[in-house]
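Visitor: So the sequence lines, in the order shown, correspond to chains A and B.
Going by full-length UniProt numbering, the first residue of the first sequence is number 1, and it counts up by one from there.
Going by full-length UniProt numbering, the first residue of the second sequence is number 1, and it counts up by one from there.
Because the hints were derived from the structure by calculation, they are not lab data.
Any given hint could turn out to be false.
[Said to hold, decoys possible] Taking lysine-lysine and the DSS-like style, the derived pairs with C-alpha atoms no more than 25 Å apart in a straight line are:
1. K155/A / K202/B
2. K174/A / K345/B
3. K134/A / K6/A
4. K304/B / K120/A
5. K174/A / K347/B
6. K347/B / K155/A
7. K113/A / K347/B
8. K72/B / K176/A
9. K347/B / K176/A
10. K160/A / K202/B
11. K345/B / K31/A
12. K202/B / K59/A
13. K345/B / K113/A
14. K120/A / K72/B
15. K202/B / K61/A
16. K143/B / K113/A
17. K359/B / K6/A
18. K172/A / K72/B
19. K6/A / K358/B
20. K358/B / K113/A
21. K359/B / K31/A
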Amino acid sequence: MSLPQKRFFRQRAHSNPLADHSLEFPSCPSKMDWSEHFPLFFTKLGERFNDEENSMKTKKKVEFADVGCGYGGLLGSFCEVQVTVPRADINFKVGLADTFPEVLSLGLELRAKVADYAHKKILALREQNKSTGKYQNISIVRANAMKYLPYFFEKGQLKKIFFLFPDPHFKKSKHKWRIISPHLLSDYAYFLAVGGLLYTVTDVAELYEWEIKHLSEHPLFMRISNESLKGDATVDLILNSSEESKKVTRQGGDNKMGEIYYVSLFLFALVVF
Amino acid sequence: MLVAELNSALILTSGDTLLLPASNQLIKIPPPDVPPNLTKGQLQVLNKQDRTITSVTTSRDGKHIAVSTENKQIVVFDAAFRIVSNFIVNRAPSKILFTKSGDMLVADRTGDVYLYKREKTEPVLLLGHLSMILDMALSECEKYIITCDRDEKIRVSRFPNTYNIASFCLGHDEFVIRVVVIKGVLVSASGDGTVRVWDYVKGAQLCSIDTNLCVKDEKLLEEFSGVMDREKVDVTALPITDMQVVCDGDCLVVAVSLYSCRDVQLYRVELEGYNWTVLNSVEPVDALHKFYLSKNLYIFDSFKVSVYNLSNSALINSDKQMDEFYEKHKNVLKISENEITVLYKRKFDNVQEYLERKKLRLESGK
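The shape of chain B in the complex, shown without the other chains (with noise of 0.2 Å):
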C-alpha cells in the first residue's frame, strides 16, 4: 500500500488499483499499451506479469500523478485520471519522480536512474549504482539528484550533468532506505535504525538519530536478531521501514516506522542547530498498515484510518467520508509484505577459510 497526495486529496494504491477517497472512485491499472512488433511470446509475458504498484508520484504543479508497476509499466494520469501516457521501460522501476519541466526520472533495481523527456524521445541515461537504488529525490533547486542504494551509500549527483558528483553522504551502516529533501537538507533513513541530516551539497553529517531508543520492547529487536541470525546475518538494530518528513515553521517534523513496531514515532528537528527532541509517539489500535504525513498524521491500519494532529499528537475527529470508503474498500487493500530483510547482505567470508588452510599446509611444511 502507498500514499500520495493531488490537490489536498489522498491517493491509496493497493496492489494493480489506485482508490480516490474524494470521489469514491477505484482505478484499475490498465495493460500497457504495446508497441506493434512485440513477438507472441512477448506479448504473452507482458500481459501476464502483475501490475501491482511499486512508486507513485505528484508533479509539482498537481497537474499530474503518474505510477509504476511490477511489470514495468508506467502510467501517468492528469488530475481526472484520464490516462495521459502508458508505456513500458527495460528494467523494474523502483522509484519516479516529476521534474519541475514535467519530465520523469526512473530509478530501477538494477541502479540506473533515466530520464524520460515529456517529448517521447528515448530515455537518457543519468547515472548508475552498483547496487539496488532504493530511493531518489531531487533537491529544491533541481540542480541536485540524490540518490541511495542497497550498500550504505547516499550519491549526491549534480543535475541533469549527473556526470558530476557533488559528494557521497556517509555514515549509515546499513542499506539507506528512505531520502527526502527539504529546507535545504537532506534526511535520510536507514537499516541501521538511525535518521540522518545531512548538508548534501558537502556530504557533511549535521545530526544523527538513533530511532532505536525510543523502543521500549526489548523483545522486538530480540526477536528480529533471532530470524536474521538464522540467515547468517548480524544485525544491532530494528530497521526503518518507512520515513516522512514535513516542514513546520523552523522546524522539520520526522515520522519514523521500524520493523516489527506497531507505533509511528515522531522527532522534530530544530533547523539551526540542528538540536532534535522527541514527541510523542502514535500507536494505532490495530497493527499499521502505512502511514502518511502532510499537515496531519494519517493512520492506516487494518479497521480504520486515524488522523492526527502534529503538534500535539491529538486525535482529530476522523474524516467521515474516508473511514467509510475505508470500511467498503478494506478487502482490496492488501498490506504488501514488503520484506525487508532482503535487503540485508548475506556476506559470504572466504578469507577466514583461506587463512585457516594456509595455515596448516605452511604447518605440514609443503
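Isolated chain A (complex conformation) (with noise of 0.2 Å):
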C-alpha cells in the first residue's frame, strides 16, 4: 500500500466552522466506536477482547488530541530518517506515533479533502510498518472541533490538546471563527485533565497576541514560562514535524526558527470554589 499523494488532496485553506456540514459523529462519547479508528486497542463497541492482555488495552482512551490536524503532520510524518533540524541539540522524532507510543492521539480535521488524505497516510503508514506494529496509537475523524468535541471526549479525558497554525481569521467579524477563543478555551478546559496542557503555535503575530490574551485572562489557564519550554520534547516535535511548520520553515529559511513562531505553553489548572 503506497502512501497517498498530496497534490491529488489539495484543498484551501478555509472551511466555515460555523456551517451545518454533513458530519457523522456518536450521540455521546460512550457510543463512540473507537475500534474502527484503533483495531488494536479497541473491540467493536459493546463486545469485549477475550484475554486479560488485551482486555487492559479496552482501558485506554485517546489522551492527544490535535485539532485542526490538517494532514497529520504532527501525528506521524512519511520519513523514518533523521530530518535535518537547524537546532543541533534536538533529539528529533517523527510525530506522536514514535514520541509517545503508549499514548492513543487524535487529530481532528474539518476539511474533507484534507481529513481524507491524512486518513489514507495513516493507514498506509499502519500497512507499511506492519511487522513493528507502529502508527497503531493515532488516528483522525473529520469533525468540527468548534462544536462537536463533547461528543468524542469526556470530562478531563485529555492530557494534551494541540492547535497548530489555526486559521487567523484577520477580519474582525470573523473573530468568532477563531479556535482560540473565551467560550471554546471553557469547553477546552473542561476536556483537559487537571495538569494537562495547551499547545498553541502561530507564525501570525496578531494572532498571537490574542490568543495570549485571552487564554491568560481565562481563570482555569496558566502560562507556562518561556524557560520551561526548553525541556519539552513536544514543543520541538510540533516546531519540526507538522507539515504547516515545515513550510514555514521551507518559505521562511531556516536559521529564523525563533523569529518566525510564536509558541506558547498553557497549563489547565484547576480552580476550587
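Quick one: dock chain against chain with the hints and give me the complex.
Guide: Here it is, written out as C-alpha cells:
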C-alpha cells in the first residue's frame, strides 16, 4: 500500500466552522466506536477482548487531541530518517506516534479532502510498518472541533490538546471563527485533565497576541514560562514535524525559527470553588 | 402567544401586547428609552421595528415581570405593571430569566448569555454557544445555569463562574427547545420527539420518553416529512413544540405539544426510579394555540380557554372572567407563527461529490 500523494488532496485553507456540515459523530462519547480508529486497542462497541492482556487495552482512552490537524504531520510523518534540524541539540523524532508510543492520539480536521488524505496516510503507514506495529496509536476523524468535541471526549480525558497554525481569520467579523476564543477555552478546559496542557503555535503575530490575551484572561489556564518550554520534547516535535511548520521553514529559511514562530504553552489549572 | 404567571394571575402576551385577564387590562410595550447620543438613522431603525414579545419571565418574589422583544428591547415591570426599566440590548434576545437576587440573564440568538446586574453597569458575558440558544434555565440552588441550542447540545455550566463547565447532557438527535430544572433533575424536550430526564451535574440520562409513540395518526408524520423532504431535511419524528413540567407529590407531570398535533400529551414521571406512565391526553375543541401548566392545565384554542384538572384530565368548570376576557380580545390574540421548521439543519454534503470526482480522476489515470 503506497502513501497517498498530497497533490490529489489539495483544498483551500478555509472551511466555515459554523455551517451545518454533514458530519458523522456519536450521540455521546460512550457511543463512539473507537475500534474503527484503533483496532489494536478497542473491540467493537459492546464486545470484549477475551484475554486478560488485551482487556487492559480497552481501558485506554484518547489522551492527545490535535485540533485542526490538517494533513496529520504532527501525528506521524512519512520519513523515518533523521531530518536535518537547524538546532543540533534536538533529539528528533517524527510525530506523536513515535514519541509517545503508549498514548492514543487523535487528529480532528474539518476539511473533507484533507481529512481523507490524513486518513489514507495513516492507513498506509500502518500497512508499511506491519511488522513493528507502529502507527496503530494515531488516527483522525473528520469533525468540527468547535461544535462537536463533547461528542468525542469526556470530562478530563485529554492530557494534551494541540492547536497548531490555526486559521488566523484576520477580519474582525470573523474573529468568532477563531479556534481560540473565551467561550471555546471553557470547553477545552472541560476536556483537559487537571494539569493537562494546551499547546498553540502560530506564525501570525496578531493571532499570537489574541491567543495570549484570551488564554491569560481565562481563569482555568495558567501560562508556562518560556524557560520551562525548553525541556518539553513535544515543543520540538511541534516545531519540526507538523506539515505547516515544515512549510514555513521551507519558505522562511532555516535559521529564523525563533523569529517566525510564536509558541505558547498553557497549563490547565483547577480553580477550587 | 406566551403565557406567564405572576402571583397566581395569568399573563398572556400577543404581538407587542400584554393581556391581563385578572385586571381586564391590555398593556402595549412602549418604545425603548433611547440613549441621547444615537444618530437619526439608528433612531429610525429602532422606532420602526416590531416589538413582538419573544420571552416573558417573572421574578421568584413575585415583584417583577420582564419581557424581551423582537427589536432587542427589554422592559421590566413591577407587580402593578409600572415600568421599572426599559433598555436596549445588543442582540435579539431569545430568553430572559431573573436570578434570585434580581439580576437578569439574557440569552440571545447568536448563542451568547449576558448577565445584566441590577445596578446599571455594563453587562457581563457569561458563556457562548456556536449555535442559537433556544432555552435557558437556572438550577434551584442557582449554582448551575443550563443552556440548550440548535445543535443537539445541552450545556451545564457553574453559575456565576460559567467558565467552569459541569457537564454536557448529550443524547438528543435534534435541536433542544426546552430545558426545565425541577426537583433536582433536568427535563429537556427536543425536535427528535423525545423528552429526557437528566442528572444534570453528571450529564447522565435518567429516562427518555418517545412522545411520538402516543401519536395515533401516522399521516401527520408522513405529511411533515414530505414537507421537510422538499427542503432536503430528513425527519424521523414529529418535533416537540412546547414542554412544561410541574411537580405533583413525588412525581413530575410533563405536558407536551407536538408539531401539527392537536392534543396536549401528559406524562407522569416518578422521581424514584424514573419510571414513567402516559396520562390521558387533552384535546382542545379547536386548533391548539398554546397550553400552560401550573396547578391546572390551561388550553388556549381559537375559541376559548379550557381548564383541566391534572390528576384526572377532567374539564374543570372554566373561569368565567377569563372566558369573557378571551372572547373580548380574541382579535388581539394572534398565533405567533413560530416556525419550528427553520430549526432543522439544511446539511450540505460535499464529500460524496468529492469522492466520486476523485474516483473518476483516478480511473482516467491522471
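Visitor: Each hint: holds or not?
Guide: Hints, one by one, checked against the model:
| no. | hint | in the structure |
| --- | --- | --- |
| 1 | K155/A / K202/B | 10 Å, holds |
| 2 | K174/A / K345/B | 22 Å, holds |
| 3 | K134/A / K6/A | 22 Å, holds |
| 4 | K304/B / K120/A | 64 Å, violated |
| 5 | K174/A / K347/B | 21 Å, holds |
| 6 | K347/B / K155/A | 29 Å, violated |
| 7 | K113/A / K347/B | 18 Å, holds |
| 8 | K72/B / K176/A | 21 Å, holds |
| 9 | K347/B / K176/A | 21 Å, holds |
| 10 | K160/A / K202/B | 23 Å, holds |
| 11 | K345/B / K31/A | 22 Å, holds |
| 12 | K202/B / K59/A | 20 Å, holds |
| 13 | K345/B / K113/A | 22 Å, holds |
| 14 | K120/A / K72/B | 50 Å, violated |
| 15 | K202/B / K61/A | 19 Å, holds |
| 16 | K143/B / K113/A | 44 Å, violated |
| 17 | K359/B / K6/A | 16 Å, holds |
| 18 | K172/A / K72/B | 23 Å, holds |
| 19 | K6/A / K358/B | 13 Å, holds |
| 20 | K358/B / K113/A | 10 Å, holds |
| 21 | K359/B / K31/A | 32 Å, violated |
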